[in-house]
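Trainee: In case you want the letters, here they are:
2 protein chains.
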Amino acid sequence: MSVLVVGSVALDSVETPFGKADNVLGGSGTFFSASASHLAPVQLVGIVGNDYPIESLKKAFSERQIDLGGLEQADGPSFRWRGRYRHDLNSAETLETHLGVFSNFRPKIPEQFRRAPYVFLGNIDPRLQLEVLEQVERPKLVACDTMNFWIESRRPDLMKLLEHVDLITLNDGEARQLTEEFNLVKAARWIMAKGPKLVVIKKGEHGAFMFNGTSIFFAPAYPLESVFDPTGAGDSFAGGFMGYLARTGDLSEASLRRAVVYGSAMGSFAVEKFSVDRLLEIGPGDLSRRVGEFHRLVNFEQELDS
Amino acid sequence: MSVLVVGSVALDSVETPFGKADNVLGGSGTFFSASASHLAPVQLVGIVGNDYPIESLKKAFSERQIDLGGLEQADGPSFRWRGRYRHDLNSAETLETHLGVFSNFRPKIPEQFRRAPYVFLGNIDPRLQLEVLEQVERPKLVACDTMNFWIESRRPDLMKLLEHVDLITLNDGEARQLTEEFNLVKAARWIMAKGPKLVVIKKGEHGAFMFNGTSIFFAPAYPLESVFDPTGAGDSFAGGFMGYLARTGDLSEASLRRAVVYGSAMGSFAVEKFSVDRLLEIGPGDLSRRVGEFHRLVNFEQELDS
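Protein chains in written order, with our numbering: chain D, 1065 to 1370; chain F, 1065 to 1370.
The hints are simulated quantities; they were obtained by calculation from the structure and are not laboratory data.
Just so you know, not all the hints are guaranteed correct.
Repeated chains share a single entry, so a pair holds when one copy, or any two copies, can fit it.
Listed next, the in silico DSSO-like pairs over lysine-lysine satisfying Cα-Cα at most 27 Å (straight line) [stated by the list, open to error]: (1) 1122 / 1337; (2) 1250 / 1084; (3) 1204 / 1084; (4) 1250 / 1337.
Make a model of the complete structure from these sequences and hints.
Mentor: As structure tokens, then:
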């Protein structure tokens, strides 16, 4: 089954303690697609300017099941982001953001994408996320992402959106900001009371929680010896998560737990190189090996006597 | 089998967003003992002043297998610590520290404690930790803790100590400070090259890693809805860890992994109330239930086809 993603398609310039990359493929839609397409066909909806190296994107995605039929090209500059990570790699320092044509983006879902059973609303204005939902036909699962900027500036729209999504992914800081609850268990419960049946709280290098109202699942981030560039880890996580569900069509708790692990595995690959480079390189063997490594990382046997 | 612990026995005054406690039982030796004694007999070596409410300690520990035969009472004031936690509960702000008789502590291991098969050197001067090792007879496992103060002021002694311990527990900040490696996988490898076969890096609310040179194990902190007072969580972790090993006498990797989970479970109980109150309250049923909850928290089945 296919996954529809609506998100940014950008050009990133990134500096880390290990190197520098200029105007490379970036954006939430791009990372999500590169990740999810390992597991299921992806339909990408986004916008780029007329300066976008669209042939590079097509070439990068040429061997992947990613339909670019919803990628609009408009007059004007593309979304560009420039950022820097210090030695702790924990948080990006944004040096420049130019929204370009992205600032007037109004997602139009092509006819052939409207029945996608899995829908991921990347981190864009909640009003646009709601517009996307008006254009799709009864998906099996709708998930959304958001960020501090929308929580602050579009709270009423975001609250309305929450009534219409099955799952939200957000990071710990955003969960605290949205709910005004410091404790993440309480924050998740607050969010579930507003609509979503599932809440995924990402803690970056500290892993991710999934809450479903009756149980909590936790997956650590994979302890890599070299994290090269953290950009896109969260969107790659979402891609692995949604891609896994779309591949299996299984929304049982066991499947959702594995989806979190597939997401974590994809996040761990994304940070090994700049841009989507590592995500495009890996094959199914790499992915299942890393999932196995996650299992060994956390697995313990309970005693027979306890 | 029994566990010998050498550590501080103090009086803590703590303020958290949820309440205040004055002159309550505290110190690394106290938390370790309250925790480990759920699983194995404990022999405590420490020092208190003549102002110490020794009867309260005896009463608190009366139903537990804790031998206080190594607790020296000296002329002078007891070790007192006063601290405060803000709403994020992540790091204590120390308001006052009075070492009192602890500043002249020279651990004397009673004859009947010298053959303890499991030895935990709580966070004291590495010179004293080395003196303890000179007094014990071939333990099966020696573990030590340390802190930023000793890493800074007693590095040569600490490096010598590392040659003589099987395991070190320290937090992520301390591991980075000791090794000058930001990456924890690299930091653990650096430490193992200096002696310890096992390294446990604690990340507080973000869980704990155990490294053994060939594999990595991770256990999250239990996602409690109410963390009341984080004081003593690390020492309670160490107590659960060492207590489990002493109970089973099994140093296989499977057992060490379970020990980390028992440690994490004990840490999660410790923070539910002030001082050792919650650790003294719980029974074996509570402990095995929480270990089961840890299992459900991280457990996922790998797919058959991957």
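Trainee: Evaluate each hint against the coordinates.
Mentor: Okay, the hints, checked on the actual structure:
1. 1122 / 1337: within (20 Å within a copy, 58 Å between copies)
2. 1250 / 1084: between (40 Å within a copy, 23 Å between copies)
3. 1204 / 1084: Neither. Shortest intra-copy (41 Å) and inter-copy (50 Å) distances fail the 27 Å Cα cut-off.
4. 1250 / 1337: This pair counts as between: shortest inter-copy Cα distance 19 Å, intra-copy 36 Å.
When each numbered hint is compared with the structure, a violation occurs for hint 3 only.
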